[in-house]
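Given only the sequences and the hints, what does the whole structure look like? Please build it.
So you can see what is in the structure, the chains are spelled out below.
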Amino acid sequence: MDALYRLEADKLDIFLQSLGPDIYAPVKTDAIRFQKISSVKEADLTALADVPVKDFFFRQREQLFKFTKGKIATEIKDAPFRIFFGLRRCDLNAVKHQDFIFIEKYKDPYYTAQRKNTLLFGYHCDEALNKYCFCGSMGLEEYHDIMFFDKKKYFLLNPGSKVGQKIVSEAKLKRAGTLKKKDTIPKGTDRLEKKDISKLFENSLWEKGADECLSCSACTSLCPTCYCHEVKDDVKLSDLKSGERTREWSSCQLKSFTRVAGEHVFREKRVDRFKHRIYHQLVYFKERYGVNMCVGCGRCITHCPTTIDFVSLINKMK
Amino acid sequence: MGRLRIGFYGLTGCAGCQLSVIFNEDELLDIIKLFDIRAFPFIKASNDEERFDLVFMEGLVASPHDIETLTRIRAKTKTLVALGACAHSGCIPAYRSFTLKENYEHLLYSKAKDIADVEPEPISKHVKVDYVLPGCPPDKKEILHFMKEIALGKTPKFNHNPVCVECRLNGNDCLLIHGKPCMGPITSGGCHAVCVTGGFECWGCRGPTGDANYKAYIALLKKKGYKKEFIKTRMMMFAGKIQPEEMKACLQ
Ligand code: SF4
Ligand code: SF4
Ligand code: SF4
Ligand code: SF4
Ligand code: SF4
Numbered sequence: 001m002d003a004l005y006r007l008e009a010d011k012l013d014i015f016l017q018s019l020g021p022d023i024y025a026p027v028k029t030d031a032i033r034f035q036k037i038s039s040v041k042e043a044d045l046t047a048l049a050d051v052p053v054k055d056f057f058f059r060q061r062e063q064l065f066k067f068t069k070g071k072i073a074t075e076i077k078d079a080p081f082r083i084f085f086g087l088r089r090c091d092l093n094a095v096k097h098q099d100f101i102f103i104e105k106y107k108d109p110y111y112t113a114q115r116k117n118t119l120l121f122g123y124h125c126d127e128a129l130n131k132y133c134f135c136g137s138m139g140l141e142e143y144h145d146i147m148f149f150d151k152k153k154y155f156l157l158n159p160g161s162k163v164g165q166k167i168v169s170e171a172k173l174k175r176a177g178t179l180k181k182k183d184t185i186p187k188g189t190d191r192l193e194k195k196d197i198s199k200l201f202e203n204s205l206w207e208k209g210a211d212e213c214l215s216c217s218a219c220t221s222l223c224p225t226c227y228c229h230e231v232k233d234d235v236k237l238s239d240l241k242s243g244e245r246t247r248e249w250s251s252c253q254l255k256s257f258t259r260v261a262g263e264h265v266f267r268e269k270r271v272d273r274f275k276h277r278i279y280h281q282l283v284y285f286k287e288r289y290g291v292n293m294c295v296g297c298g299r300c301i302t303h304c305p306t307t308i309d310f311v312s313l314i315n316k317m318k
Numbered sequence: 319m320g321r322l323r324i325g326f327y328g329l330t331g332c333a334g335c336q337l338s339v340i341f342n343e344d345e346l347l348d349i350i351k352l353f354d355i356r357a358f359p360f361i362k363a364s365n366d367e368e369r370f371d372l373v374f375m376e377g378l379v380a381s382p383h384d385i386e387t388l389t390r391i392r393a394k395t396k397t398l399v400a401l402g403a404c405a406h407s408g409c410i411p412a413y414r415s416f417t418l419k420e421n422y423e424h425l426l427y428s429k430a431k432d433i434a435d436v437e438p439e440p441i442s443k444h445v446k447v448d449y450v451l452p453g454c455p456p457d458k459k460e461i462l463h464f465m466k467e468i469a470l471g472k473t474p475k476f477n478h479n480p481v482c483v484e485c486r487l488n489g490n491d492c493l494l495i496h497g498k499p500c501m502g503p504i505t506s507g508g509c510h511a512v513c514v515t516g517g518f519e520c521w522g523c524r525g526p527t528g529d530a531n532y533k534a535y536i537a538l539l540k541k542k543g544y545k546k547e548f549i550k551t552r553m554m555m556f557a558g559k560i561q562p563e564e565m566k567a568c569l570q
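Chains as they are written, first to last, in the numbering used here: chain P, 1 to 318; chain L, 319 to 570.
Since the hints were derived computationally from the structure, they do not count as laboratory data. Computed from a prediction, not measured in an experiment: that's the story for all the values here. Cβ atoms here follow ideal geometry from the backbone N, Cα and C, with glycine treated the same way. Any given hint could be a false lead.
The calculated lysine-lysine pairs, modelled on PhoX-like cross-linking and capped at a C-alpha distance of 20 Å, are [claimed, not checked]:
no. : chain 1 : residue 1 : chain 2 : residue 2
1   : P       : 236       : P       : 66
2   : L       : 351       : P       : 241
3   : P       : 241       : L       : 396
4   : L       : 533       : P       : 255
5   : L       : 533       : L       : 550
6   : L       : 458       : P       : 232
7   : P       : 41        : P       : 172
8   : L       : 475       : L       : 396
9   : L       : 533       : P       : 269
Selected chain L positions facing chain P (in silico; Cβ < 10 Å) [as the list claims (entries may be wrong)]:
no. : residue
10  : 477
11  : 479
12  : 534
13  : 538
14  : 540
15  : 561
16  : 563
Okay, structure coming up:
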C-alpha cells in the first residue's frame, strides 16, 4: 500500500463531506481537541492536538453493566460511522496499540463498539511539530485508512486499508507516484538517543525526574497509549441490591494504583511510580508484545505541569 | 437489624455542610427509609440524644460550648464523622491561630465579653474521629455514597488521589499550566474537581493529599511568578491546623 493519489486542496471539504456527516478533526477551543466539524476550515492543523482521540474509544468513564437483584444487564451500543481527520503519525500508532490491547488481545466489547465504525485519516508531519516530539525514535508503522500529505495547493493521499483504497478509487483520484519509506518519518524527531533503557533502572538520574514530579497523573491521562483503569460499583440508595459497575481511567502515578488489602502499597515511593510509567512505555510492553508502547508524541512532557522531559533525562544517563 | 440511629450536629461553622446533606432533596425519603434520624437540631424541633450509631459533626471547636457539645455527643455515638472542612482541619475560622491576638481581639472578643476565645481546633484535637468527609462544603453525593457504604456494612473507602485525577477525567484543560495557582496536585480529590470544571482553580478545601510534593509544587508556583506570602496564605487557608510537617517545613 504505497500508492499516492492527488486531491486538489479546494476539494478537501467536498471530499470529506461526501463520506458522511460525522467528521471529527482537531479544533482549537480552550485547548486543541477533536470535535465534530462541518467544514475543514474549523480544523486547527498547526499543532498536535492537546487531547488525543483516545477518549472517543476508551472512554474516561464507561458503564460496564447494571445489576438489579442479582441480574446483570449490559447495554452496549455501537458508535455511529465516524471519520477522524487530522491524526498525526504518533496518534495513529497509539490507536494501533490500543486496538491491539482492547480488541485483539482482550476482545473488550465496550472499546470495540466505540471503535469499529471509525475511519482514521492521518495528517502527515513533515518535521517535528514541537520541540518535544520524538516519534522518529519509536519505530512507528503505517496505521491509517488514508494518510494526507499536505502539499499546500494539493494533497497526496496514501490509502492504508481496503476501505481507504475504495474511497480513493470511488472518488476517481488520479495516481501521483509512490510513497517512499523515508517520507513517512517526520524529520528531526529522533530525539531519544538510547533505544534500550533496560539496563538503566538503577541510574541515579531517575531521582532527579521524580523530584520534580507532582504525581498528578496528567501524563498518563493525556498519553494516547495509556489504558489503565479501575472498576467501581455504586448502588442505589432506594435499593441497595441494584446499581451499576463502571470503569474509570486510573494511573500508575498514584499511590492508590497499587494499594491492596491491608493498605499495602507496592509503589509507595514517587521515584518508583515515575520510573514505572517510563519503563512500561519503553521496556515492559516491548518485552511482551514486541513494540514500544510509547509513540513519542511528547504530550506527557508538554502537559506535565513541571515539564519533566524524560527523553533528555535518559539521554543524559551514563 | 433496625434502622441505624443517626444524628447531625453543628459546632462553630456556617451550617453549609449540614445544608449539603439536605441538598440531596431527591434522596431524603430514601435516607429516612435506611436511617433513623434521631437528632438534627438544625432542621428538627424534637431531638432525641439517647444513643447513636452514627453522628455527623459539622464545624470546628471554637467556644466552650463547642467542647461541651462535642464531648457529650461523642460519648453517645459508636461512630463519629467529621463533616466538612471546619470539622476536618479548622479551616478558615482557625486562621486566627496564625496571627497575633492583638490583630483580632478588638474586633469581637473585647466587645462581647461572654464569648470566650478558645483556641480554634478541628474536632479530632478533642475527640476520636472515625471518618472524615472533607470539603468546604463536602460533596453532597459523597455524603450519600458514604451513607450507602455504611448501610451495606462496608468499610467506607476514601479518595486521596489529587484533585487533578478527576479534573483530567472531566477533560479539563489544566489551569496550573496556564499560570493559575491551582492547588489540585496537593489536594485530596473526591469533589469531582467541581471548581476547575466550573472554570475556577482549586483552593485546596479538601485538605492535603498525603502524597504531595510540596517542594516541587512551591518551586513551580514561584517560577510562575507567585510570591512566597501568597503561596503560604493559599496553602494554609484550608489545611488549617492539619498542615503536614513537610508542608510547614517548605513554607518556612
Ligand atoms: S511526534 Fe511525530 S507524528 Fe507526532 S506530532 Fe510530533 S512530529 Fe508529528
Ligand atoms: S504529569 Fe509530570 S508531574 Fe504529573 S505525574 Fe506526570 S511526570 Fe509527574
Ligand atoms: S509516554 Fe509520553 S511521549 Fe510516549 S506516547 Fe505517552 S504521552 Fe506520548
Ligand atoms: S502502567 Fe502506567 S504507563 Fe503503563 S499503561 Fe498504565 S498508566 Fe500508562
Ligand atoms: S487544573 Fe488544577 S486540578 Fe486540574 S489538572 Fe490542573 S492542577 Fe490539577
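Which numbered hints fail:
3, 7, 14, 15, 16
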